[in-house]
Amino acid sequence: MRPPRFRIGRADWVLVVLLGAHVLLQVLMFRHSSGADPVGDEKAYLDAARSLSNALRDLGSFGPVDGADLERNVVGNGWFMPGMSLLLTPLFLVLPDASMESVRGYLGLVSTALFLYAAWQVRRVLGPAAALCFAVLPGLIPAFALFGVAAWGDLNAGLVLVVVLLRAVELARVVAAGSVPTVRQVAGLAGWAVAALYLRSSMMPALVTLGLLAGATALWAFRGRERRRAVLAVLAGVVVFVSVLLPWSLLASASLGGRVVTTTSVPLALANTFGDRDEFCFGPCDPAGTIWFNPVQYSREVARATGRSELEIQEQMSAYARRDVTLHSYAGDVLENLERYRTDPAFYLDYLPYDKEADRFEEESRDVTDRFFTLGTIVVVLALLLVSRGPRDRQVQVLLVKVALGGLLFQPFVHMAGSRYWTTAAAVAGLALGVLVTWGLDLLRELRRPRPGGPPDDTGLRVLTLLQALLAVGAVGALAGLHLLA
Amino acid sequence: MRRPTLIRLALGGAALVLVVVSGAFGRAEPIGTYRPLLGPDALTNGCYPLADGIELDFPYQVRSDRDLPTGGGVRRRVVLQWDELSTADLEAALDRSLRAAGYEPAGPLAWAKGAHSVTATVSELPDRPEDSVVRGTVVLHLPSTPLSSTDPVCADPYSTKRFPPKPREFP
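Chains W and Z, in that order, give the protein sequences. With the working numbering applied, the first sequence corresponds to residues 1 to 486, in that order. With the working numbering applied, the second sequence corresponds to residues 1001 to 1171, in that order.
Only chain W is shown next, with the shape it has when bound in the complex:
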């Protein structure tokens, strides 16, 4: 299927109005939260940005870079990849002691620009109806806009993932037209993919699956010389992805004395989520502090006593705390996690800032967020379950949306969920709504003017349908399995 031709129509004017509404919402959220002190992990992202700006300053004045400062503030405990911090670095380069107002204002500008860019890409690749959907979901969700002025990477990671998926749709069109995507195109896609990863390491399952699909496409869709060219293009993408990831992995690994690919938080998260927290430090951890900091402090103490890496100790601690985990307890915890993932999506409205009395704006925003969240949940369920047997382009879109949503929903299986993680999936849910609505519109059109015959019988198409069906069955199976085991 050819991409829709670009013409400015009536729908585009509606789109402009809706996007304007999103911008207005961000402005209102800025007013709501502009002075809010950094909350939780925001502090780490800001510190890393401060440290990165200092490193650039040192480079600019040809002085030595303070490696210890980078290790402490950028790598830290190895929990967070520095995507958000890199985005914030220019601000701290100009305003080293930037106030929270300027930080939140700057973050709002960046996320608004990214949202508008993502919406423009939806418009360009999937057409105006899909873009309208995207402008509404997630564009008009108040709590989503709130995260636009926050320093967590969840929201931006979701928006970048949408761009990745749209690029993948475009490349699939190139393949469908019988051509091999150029190295440049695939490398561009890989660049966006690794950017998404830097913003949020929970992207990994979705991105790895996309990479595998790209590899499979190169092998199956082409023969002979074309296949070699396609495989080379995919390899170029892998090289781009890995070489951008590598500086972080190397710095974090060297700093923490163990192998770090994306994040060190998995053993801690597994133990805190599924294990016995009273056994995490081979017994209870220190009585003050949090379930995240105390285990790290303890692992550093053991590392100091033994000269080993704190990461090795954390692995052992996690395994010890999880020694009594059964399938039954695991399934129960995952279900609880999924519940936590979807309860109280507007939680952070109350938290940013946490010391302000709830006003009418906040209450309305909560209400609207909850409603949109119900819509979003329905969209996600439909996108995971529905299987398209229609044209190749639609099948590709549905498959990609399934992969992305499935990959993001993998998070509650390994990590305690909270009221923040949905913001990543929200952007993909918006894309899914666009895909579903254009699908529905096409069906309506066909009902009115039926076209003779079904889609041509094609092996490639059947594989796409089969993959969609497998993912849908997998989603149902996973949920049913959890309920049976729990």
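Simulated from the structure, these hints should not be mistaken for laboratory data. Just so it is clear, CB atoms sit at the ideal spot from N, CA and C, and this is done for glycine as well. Please note that a few of the clues may not be correct.
Where chain W lies over chain Z, by a calculated footprint (3+ residues, C-beta under 8 Å) [said to hold, decoys possible]:
#, segment
1, 1070-1078
2, 1092-1105
3, 1112-1124
4, 1140-1154
Across the chosen pairs, the derived CB separations fall in these ranges [said to hold, decoys possible]:
#, chain 1, residue 1, chain 2, residue 2, range
5, Z, G1073, W, T343, 53 to 63 Å
6, W, P284, Z, G1073, 52 to 62 Å
7, W, D355, Z, L1018, 43 to 53 Å
8, W, P450, Z, P1004, 40 to 50 Å
9, Z, P1004, W, R449, 38 to 48 Å
10, Z, R1002, W, L447, 42 to 52 Å
11, Z, A1115, W, V65, 56 to 66 Å
12, W, D458, Z, R1002, 53 to 63 Å
13, Z, T1044, W, L375, 35 to 45 Å
14, Z, A1015, W, V473, 48 to 58 Å
Sample of chain W residues lacking proximity to chain Z, with all beta carbon distances greater than 10 Å (derived) [claimed, not checked]:
#, residue
15, T377
16, V387
17, G474
Put chain Z on the given structure of chain W with help from the hints.
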């Protein structure tokens, strides 16, 4: 040259200039709360050293340290975990450490030096995995030591392991 190339060059140049002049704006100061510096160990930070200059000659981490009123006055209770050594090697190392401070054995896992006495309770980690670095817990009962330093680190319970008692919880 094409227009996009020119724009890119201009943007790159502007970024470079910004980096070069950014030193003039001052330095950013990270707060560092997410990776606090690791304070020194509870028994070597100088705050509450072990009595009679006892130095433990094996890898350990202190888990808690407190003074407890007993019939014979205040006694100190230090709970620590030992690493890497077998139980027999740990007990030998413990004995070595106390003898080095002038203590004589006064029973199984008990030592005395004049009026001072030290006892230890050694327990292996339950369900200990074969390769576990942490091996078990030693509870030491020994003469109490007063605060011996004015270093601010002595106010940091993460270093001293003297955490204030938990506030009572009311239903």
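Check: Hints broken by the structure, by number, lowest first?
Finding: Numbers 1, 2, 3, 4, 6, 7, 12, 13, in rising order.
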